[in-house]
Amino acid sequence: MKKSGALEKIIRGKETVRNASLYCYVNDMRAARDIVKPIVVLVLITLVVSAALAVTYRFTKVEDTGPDLNEINTIGKTVMPEADEFEQMDTEAEGASYLFRAKNGAGIMIQAETTGYNANVPIVFLVGFDQNGAITGLSVTEQQETPGLGDKITQAEFALQFVGKTGEIGFKTGGENSVDGISGATYSSKGMIEGINRARKAFEAVKGELTQ
Amino acid sequence: MSYLTTFTKGIIKENPVLVMLLGMCPSLAMTSSVKNAVGMGLAATFVLLGSNVVISLLKNVIPKQVRLPSFIVIIAGFVTLIGFILQRYLPDLYAAMGVFLSLIVVNCIILARAEAFASKNNVAASALDALGMGLGFTLALTAISTVREILGAGTWLGLPVTKNFIEPMAFFVTPAGGFFVFGILVAVVNILTKYQISRKKLGCEGCKGGCAGCGASAQDQEKGETQE
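Chains P and B supply the protein sequences, listed in that same order. Everything in the first sequence is counted per this note's numbering, starting at 139 for the first residue and increasing by one. Everything in the second sequence is counted per this note's numbering, starting at 692 for the first residue and increasing by one.
With the rest of the complex left out, here is chain B:
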C-alpha cells in the first residue's frame, strides 16, 4: 500500500465517522456549531498523530499482554497535554469542549488506529494514517456541523447566512437533529462509496493488517470454487 493511499483512505473510503461509525459520541455532541466541531476535530487529530507516532516507535518494546493499557496511558497523556494547552491559549474552546475533551481518551477512533495500524506499521506510515484519519474525522464533523448550524441557527462559523430571511429551525441544534443529519450523511456517503466497493468486491484489500486474514481466506475460497 502506497503512502498516498495510507493518507487518503481515511478521508472518504474508510472515513472513521461516516463509514466505520467510530467516535459517534463527539460526532453528535460537538457538531451543533462549526467552531466546536473544527476544534474537536483538530484536537483529536493532534492526539491521534501523537499517539500513532509514539506507539509505532514503541511497537517492539511493548509486550502484547499490556499493549492496551500502554496505548491508553499514551493516549491519555496526549489528551491531558492538549487539555493544558487549550486551557492556556484557547480558554473559550476549552470551556465549550468541556467533558468531551477528556473523552477523547476513550474515542474509539484513536484506540482503533493504535491497535489496527500504528502497532503494526512504521512511523511514517502511522503518521500519515493519523493525519488522514484525523482529517477525515475533522471533515465529517465539519460537514455535520455545517448542516446543523446553517439550518439550526442560520449561521456558519458564527457569521449570519440565512438567519435574516429564514427562521432558523432550532430542531437541528438539538441532539435529535444531530442524529437526523448524521444518518442522512452516512446514507449519502454509502451511496457514493457503494460502487467502488462492489466493483472491487474485496474491500479489505487496502488494510494489510486488520483484514489480511479474512481477505486471504476469501481469495482462497474463490480459487477453490473456480477449480471445482
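The shape of chain P in the complex, shown without the other chains:
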C-alpha cells in the first residue's frame, strides 16, 4: 500500500523520479492519464446534459389537444369550397385521424396520415369528400419529403388531379380513377394515393352520419 501511494505521487508529478527503471513506467502512466481523463470528463458532461434535457422534455412536452378548428376552417375553404363551417365528429374510423363534418352538409373532411419517402415523419393531409363520395380537394398540412421532389405533393398541380374522383385511385393505371405521380418521387406519390384510398374507406364507413 505504501509503495503504491508513493508511485501515485510520482505519477502526479509531485515527486521526481530517481529510479531509472521506474521512469518508463511513470511516463506510460502519465500518458494514460492524459488520454483517459479527457474522455471520461467529456462523457460525463454529455451524460449529465442529456439527463437534464430528458427531464425537461418530460415536463415541457406539449400535450396533443387535437386539431385547431380555426385552422381547419381556413384550410377547409380550399379543400371543400362549398362547406360553410366544420365541426369535429365524435366517431372514429380506421384510416382517419380526425373527421370533420361541414355544418351545411356539403361533405366530410378527413385528416389522415400516410408514409412517403421520409419514413420517419408522416405526411399529414386533409381530404374532402362530398355527399356522392367525390373528392372536393386535398391539402397537405405537414410533410418533410425531399425538397424539390417529394414536397411537390403540397402543390396545387398534384392535388387538383384528385378532385372529382369517386372510386379507388390507381397509380398511373390509366382510366378514370388514375392519377400521375411526381417524377422522381414515386414513394411520396404512392404514399399519398394509399393515404387517400384509406381515407375514402373511412368516409364510406361514416358517410351515414352526414345526413343526420
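Nothing false has been slipped in among the hints.
Distance windows between CB atoms, simulated:
# : chain 1 : residue 1 : chain 2 : residue 2 : range
1 : P       : N165      : B       : T696      : 39 to 47 Å
2 : B       : N751      : P       : V181      : 14 to 22 Å
3 : B       : V797      : P       : V181      : 21 to 29 Å
4 : B       : V752      : P       : V164      : 19 to 27 Å
5 : P       : V186      : B       : A803      : 22 to 30 Å
Note that these hints are calculated values from the structure, not bench results. All residues carry an ideal CB built from backbone N, CA and C; glycine is no exception.
Go by the hints and put chain B onto chain P.
Then chain B, alone, in the frame of chain P:
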C-alpha cells in the same frame, strides 16, 4: 477589475454586436421586428448566463484538450432547454425564431465568453459578465430592430407609430436594409467610443485574461522606448 465594470463593459465599451462584431447572423436575421429581436436577445442571454455559470464552476474539472467540445455540449444543452420552454409557453415566438434558436449554439458571443472569460474567472464574475454581455446583445438587437421596424413597417412592437401618415419603406425590413442600419449603428458606436479608447491608448486594460499578454508586452515596449 471591479464587478461593476465586469457587468457594464458589455453594454457599450465591449458591446458584443456593435463593437466586437460577434453574432452577426442573428443580429441581422432577427431584427426585422422589435418583438423577435427582444425574444432572441433574452433567449441568448439565458443561454449565456447558464453556460457561463456552469463552465466557470467546471473550469478546474474540464481538461484543456476537450474544453471546446465540453463548452459546446453545455451550450447546446441550454439552447435545447430554452427551445423546449419556448415551445411549451411561447409557441408564437418559437415559430418566429425558427432555426435561429438552434443556431444560438454556434453564436460566437457565447463560445467567446466561455473561452475568454468564464473558463478563467469565478462564478460571480462570470454571471455578471454573462448578464452584461447579454444585455448588450439585447440592447443592440433592440436598437437595430427599432430603426428597422419604425422605418420599414411604421410600427414599434406592433403598435402603429408613423404608419398612418408616412408610407413605410419596406426596404428596411429586407436583409439589405438590415445591413444598412447595422453599418450605421456600428459607425455611431465607433464615434461614441473612439475618444475613450484614444485617451487610454491601451484599450485592453480591462480584459485581464484575453489581452493580458498583449497589454503587458505593449507596456514593456513603451518602457523600453522611454529608457532609450
